[in-house]
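Number of protein chains: 4
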Amino acid sequence: MGSSYGTIFRIHTFGESHGPAIGVIIDGCPAGLNIDESYIQKELDRRRPGQSKITTQRKEADQARILSGIFDGKSTGTPIAIVIDNEDQRSKDYSHLENAFRPSHADYTYAEKYGIRDHRGGGRSSARETAARVAAGAIAKLLLQQSGIRVQAYVSQVGEIKAPAYNTMDLAKTEENIVRCPDQATAAQMIALIDQVRLDRDTIGGMITGVVKGTPVGLGEPVFDKLHAELGKAMLSINAVKGFEYGSGFGGIHLKGSQHNDAYVNEGGKIRTKTNYSGGIQGGISNGEDIYFNVAFKPVATIMQDQETVDNEGQPVTLAGKGRHDPCVVPRAVPIVEAMAALVIADFLLRSRVSKI
Amino acid sequence: MGSSYGTIFRIHTFGESHGPAIGVIIDGCPAGLNIDESYIQKELDRRRPGQSKITTQRKEADQARILSGIFDGKSTGTPIAIVIDNEDQRSKDYSHLENAFRPSHADYTYAEKYGIRDHRGGGRSSARETAARVAAGAIAKLLLQQSGIRVQAYVSQVGEIKAPAYNTMDLAKTEENIVRCPDQATAAQMIALIDQVRLDRDTIGGMITGVVKGTPVGLGEPVFDKLHAELGKAMLSINAVKGFEYGSGFGGIHLKGSQHNDAYVNEGGKIRTKTNYSGGIQGGISNGEDIYFNVAFKPVATIMQDQETVDNEGQPVTLAGKGRHDPCVVPRAVPIVEAMAALVIADFLLRSRVSKI
Amino acid sequence: MGSSYGTIFRIHTFGESHGPAIGVIIDGCPAGLNIDESYIQKELDRRRPGQSKITTQRKEADQARILSGIFDGKSTGTPIAIVIDNEDQRSKDYSHLENAFRPSHADYTYAEKYGIRDHRGGGRSSARETAARVAAGAIAKLLLQQSGIRVQAYVSQVGEIKAPAYNTMDLAKTEENIVRCPDQATAAQMIALIDQVRLDRDTIGGMITGVVKGTPVGLGEPVFDKLHAELGKAMLSINAVKGFEYGSGFGGIHLKGSQHNDAYVNEGGKIRTKTNYSGGIQGGISNGEDIYFNVAFKPVATIMQDQETVDNEGQPVTLAGKGRHDPCVVPRAVPIVEAMAALVIADFLLRSRVSKI
Amino acid sequence: MGSSYGTIFRIHTFGESHGPAIGVIIDGCPAGLNIDESYIQKELDRRRPGQSKITTQRKEADQARILSGIFDGKSTGTPIAIVIDNEDQRSKDYSHLENAFRPSHADYTYAEKYGIRDHRGGGRSSARETAARVAAGAIAKLLLQQSGIRVQAYVSQVGEIKAPAYNTMDLAKTEENIVRCPDQATAAQMIALIDQVRLDRDTIGGMITGVVKGTPVGLGEPVFDKLHAELGKAMLSINAVKGFEYGSGFGGIHLKGSQHNDAYVNEGGKIRTKTNYSGGIQGGISNGEDIYFNVAFKPVATIMQDQETVDNEGQPVTLAGKGRHDPCVVPRAVPIVEAMAALVIADFLLRSRVSKI
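Chains as they are written, first to last, in the numbering used here: chain A, 1 to 357; chain B, 1 to 357; chain C, 1 to 357; chain D, 1 to 357.
If you're looking for bench data, these hints aren't it; they were derived computationally from the structure.
Each hint should be verified, as a subset may be incorrect.
No copy labels: a pair is met if it fits in one copy or bridges any two.
[Unchecked claim] Listed next, the in silico EDC-like pairs over lysine to aspartate or glutamate satisfying Cα-Cα at most 20 Å (straight line): (1) K173 / D290; (2) K59 / E87; (3) K213 / E112; (4) K356 / D36; (5) K213 / D290; (6) K53 / E176; (7) K322 / E60; (8) K274 / E112.
Predicted, not measured: the structure shown is a model, and the values here were computed from it.
When you get a sec, could you build the whole thing from the sequences and use the hints?
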């Protein structure tokens with residue numbers, strides 16, 4: 001009921017931020033895929049807390065243990081279970097929250113929905129859950145690499161500071177700075193802004209752009225399971241995401257059809273489009289051009305300031321800002337966006353095997 | 001494979017624009033719901049082509065026939081099948097398209113994905129398919145009305161012309177003009193713009209805002225099936241949609257946590273939030289406040305102008321602009337947005353029945 | 001909620017026995033399959049009431065109309081909708097049943113489950129619903145024929161009269177008599193027995209054996225979706241079925257492992273088994289040998305005799321035996337068993353395309 | 001792809017017999033259920049190897065560790081993950097099997113399906129996988145107990161030795177002997193037979209009968225997801241099962257409708273049936289009477305005798321019988337049958353919450 005994703009390449013996640021462990025089962029990974037376990041760890045390390053001065057200083061090793069589905073370094077076609085133990089839990093950090101509803105967190109809605117709530121660190125609603133997605137996404141990426149498909153994301157905006165268009169930058173440089181923006185000058189500004197926000201004991205919103213290159217023509221299903229509809233759902237399911245657009249996106253509102261249409265041309269025997277307002281997807285199905293999309297993140301709800309709220313009996317209480325949290329979520333969310341995109345594309349890649357006789 | 005939507009309240013659609021009929025099966029509607037068949041027709045009439053001077057002049061009666069699932073005016077708990085026959089098909093209007101790929105349509109991607117293509121009017125990729133969604137959405141709306149939940153949508157932008165914020169207008173006035181914007185002055189400007197674009201033989205993009213009022217606390221599921229993630233998928237699955245945002249949306253990028261957080265207050269014994277940047281959803285679960293969201297639509301791809309493209313052998317061809325098409329999709333898309341929102345909320349309403357012991 | 005079957009090759013059925021129509025959507029049929037519409041009709045004719053003296057004398061043309069998914073004689077990869085109008089409904093035949101619960105029918109359970117009941121001819125619980133399965137199964141059979149897989153069924157028992165083992169008969173002779181048993185001497189006895197039972201205004205149980213030949217090695221999924229588990233579910237979902245067994249079945253209880261094990265042998269370079277107690281399935285996955293299984297049907301519940309029962313207020317009533325019904329269900333159930341088997345195998349055939357890299 | 005079961009109360013299992021661990025995620029358990037962890041362990045102990053002289057002497061503690069979904073002794077509505085570490089693996093016991101296909105095991109079919117095979121103890125196809133089902137089934141049983149529903153199973157046949165009818169015995173006495181047959185005299189004969197078979201280095205088949213008492217009217221869904229169809233699938237998915245029947249089962253073939261019909265009677269204001277050939281299910285929906293069914297198990301394929309077979313290159317090899325295996329599977333399969341039945345009923349119990357307005 002909400003913890004599964006995908007149709008053929010399908011994942012099931014579990015775990016609370018302060019329980020013994022979180023994890024994921026990947027069901028539907030084809031047999032015979034070479035699984036480099038160190039690659040899974042590398043991806044987790046990109047998401048790990050405490051990796052730089054602009055992220056939370058909480059320490060979690062986030063060590064992935066594979067329990068099944070791999071034999072002699074290859075996937076066997078059976079479910080791949082990965083468990084990540086919780087370590088630096090400090091549950092007592094949360095004892096003051098036992099009865100208070102943190103503003104713009106899921107405390108109140110979980111309490112009402114379930115009548116019971118694991119208040120320690122948000123429980124299931126904690127962004128810690130996304131580590132399981134990153135582990136599963138690493139397997140999806142390995143599958144996509146075999147087909148020549150590359151999924152990349154980067155920070156394209158923090159507050160008012162924006163990066164240039166994706167196709168004017170060298171995306172290979174994304175990991176060269178701690179904010180994960182491939183344009184180094186913009187990155188420096190973003191880092192300075194986040195650092196200032198942190199000193200102000202506040203948080204700030206941001207945007208991540210995702211790009212998928214090398215997709216064959218034909219991924220995506222008609223009507224409800226359009227490629228961009230699934231991408232949108234996948235992105236919107238990530239904690240703190242408030243919006244999704246692909247191709248021309250909200251900018252397309254302002255355009256005329258005569259400007260927006262992507263003319264087909266024959267480029268050395270290959271059918272291409274002159275422009276790419278479509279964002280690589282037409283009628284919900286990939287056309288072989290770059291798929292690109294933007295994901296909007298709100299400012300992190302946990303701030304280091306006193307906030308007025310109510311407790312579970314509706315009484316007003318003042319919540320002190322404490323703990324170890326990210327001043328801006330986007331640098332650590334880059335691998336999460338990539339993971340979710342990879343899961344979507346991998347699923348459609350397998351689904352496309354049954355389109356034709 | 002793509003033509004089903006929902007988990008418990010679940011629909012399956014079928015049909016091509018120029019086949020004998022389109023239709024839908026609604027499975028999972030609880031027994032005992034009063035079904036007013038004329039209401040289904042009224043909703044279809046709101047989407048019907050030819051309803052005003054700013055929509056396509058194609059004529060389709062879009063008459064819904066119910067084949068099952070209703071007895072003595074009530075749902076029986078078994079699948080409700082609704083068929084809408086295709087009438088004004090004029091397949092010959094499309095004979096010039098048999099081999100050409102229309103720019104920014106799904107012709108090329110369908111041809112590659114399936115190796116076979118029903119070229120008449122876009123076949124399955126035609127927006128005609130959305131009539132089935134509206135019929136199903138009408139049943140969902142009847143279910144929601146029983147629980148005091150109202151789903152409303154309106155045109156909030158056409159080109160550069162924007163309506164005021166949703167909570168400053170009387171949404172009951174949406175149907176008082178042909179563009180479906182509740183602010184009459186803005187509506188007049190929008191209509192004038194669309195009319196001009198039509199005379200220019202061009203098309204233009206727009207935006208629809210959806211609002212859901214009266215939702216109980218607790219709708220939506222954790223992790224992947226967050227309420228806004230499903231809403232986003234549902235909206236992005238509508239033809240011509242390029243973006244989705246809810247609550248603060250892309251605007252949240254610019255805000256600080258201290259500005260964006262929605263403080264809880266006790267309002268006469270009821271827990272409410274002071275502001276509503278969250279858009280009525282926290283941690284993917286409704287908190288009882290208004291749910292509101294924006295949906296971006298690109299300009300319609302079919303324009304009344306010559307366009308350069310290629311045929312299915314990659315040869316350049318000039319496509320003449322002809323036929324009967326909408327200069328702007330948003331006026332007729334309002335009932336579609338409402339239908340998809342109603343389907344999402346109805347499904348979560350039923351899913352929420354199993355959250356607790 | 002119950003009216004869908006399959007994972008990739010997936011069907012959704014609808015319709016009550018005395019509503020306007022019944023039908024089915026087939027979603028997930030690969031594009032490019034040649035669809036011979038007359039074949040669908042031929043299969044429906046095998047199930048049709050009134051086809052011989054030992055079946056119900058009710059008349060239904062059961063004419064299939066295809067509404068979508070086929071273009072130029074080929075599947076397009078989009079949903080195939082098939083509708084069969086109800087004709088000879090005689091709803092008044094059922095007015096005496098409006099408040100009475102027929103013994104061993106679904107009247108009471110539907111009334112309790114849904115709080116509302118379409119009493120005319122059993123409504124959704126009527127075996128008329130299986131016509132939709134046969135139509136869908138015909139498409140599945142066409143898909144299997146392309147891969148050299150043949151699905152056949154026949155009547156193997158009526159009351160005490162049993163046919164010889166499947167591999168000692170020529171199954172091609174199944175349609176040569178009205179009871180559908182390939183052994184003509186046994187068939188004659190079965191027909192005589194059913195005829196006698198009919199004269200006695202009673203009904204009798206029977207058994208159908210299904211055989212699938214030409215299956216490649218590798219169909220079926222581990223753990224829950226084992227090939228025989230899905231076959232079993234498919235068969236048990238047919239009206240009046242009380243049991244399912246495959247391979248050695250219940251007879252395997254009596255055997256020792258040393259007798260029951262199917263030794264592997266190399267037969268001209270192909271791995272085969274010497275015996276086939278496994279029924280062509282090992283660990284839930286096909287091994288290339290014949291798949292064979294038995295399906296037990298109870299005697300039809302509607303008998304031409306007075307029966308004591310209660311009405312919906314719990315008051316005792318006597319139910320008069322009237323109407324037009326089958327004295328034995330198995331002759332007409334042969335195409336239904338074949339259809340369900342074909343749907344299962346077709347689905348696994350497509351699922352097997354994603355097992356390996 | 002095969003490792004998930006259920007619609008609302010849904011489980012996902014993972015793990016190979018000789019990997020680090022096996023386990024299960026239970027998604028969809030309502031919040032607020034009291035979870036007695038020792039009960040889960042008690043159920044696992046009933047399935048554990050090495051529990052008596054007539055089972056395998058392999059030792060596994062089968063200790064369940066709960067990783068998520070439970071807080072303060074109650075379910076929280078989020079996924080419950082349970083892991084059982086593998087201990088006594090002795091992978092070297094299987095080195096002689098690396099290239100040989102064991103008769104009537106899944107070695108050959110897995111190798112062909114996936115192109116890669118974890119040969120140690122059958123890998124994913126090992127019956128060890130059923131421990132995960134038992135753990136999940138324990139949670140389902142706790143949910144059912146809250147609603148007054150009891151699921152019980154017992155050994156009803158071993159070889160030719162049969163127990164009396166279920167409603168003539170005291171099922172509470174099932175656990176009083178090591179073969180799990182409530183009739184002590186029959187049990188003694190069964191134990192003697194299994195012991196003899198073990199001395200003969202052979203194995204033997206058997207039957208388990210399941211009984212569900214206290215089910216409300218209305219569980220089960222029409223058409224494909226009939227209660228007995230899901231029960232059948234659930235049972236057939238258990239290793240070594242060859243057949244399933246409920247109510248009159250295969251015996252119903254021999255009966256007339258006038259004998260088989262279950263007359264309704266008013267028993268002190270409650271609608272009951274005089275007889276129960278229907279096995280508590282009519283039209284796929286429970287009618288409140290006892291649900292009872294039989295499950296046929298083949299003799300275990302691993303025997304302590306030399307067997308002729310082929311290796312993965314098709315060359316003949318002789319397989320020595322060694323290792324530690326069950327001479328008859330049914331005593332240890334009793335809790336597995338109960339677990340699967342509980343999972344089916346729990347799922348339908350939750351599904352029935354959305355049948356009516």
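These are the hints, each one checked on the structure:
1. K173 / D290: Classified as within: same-chain Cα gap 18 Å, cross-chain 42 Å, threshold 20 Å.
2. K59 / E87: Result: close within a single copy only, 8 Å intra versus 31 Å inter.
3. K213 / E112: between (43 Å within a copy, 18 Å between copies)
4. K356 / D36: between (32 Å within a copy, 18 Å between copies)
5. K213 / D290: within (5 Å within a copy, 39 Å between copies)
6. K53 / E176: within (15 Å within a copy, 56 Å between copies)
7. K322 / E60: within (18 Å within a copy, 46 Å between copies)
8. K274 / E112: Classified as between: cross-chain Cα gap 19 Å, same-chain 52 Å, threshold 20 Å.
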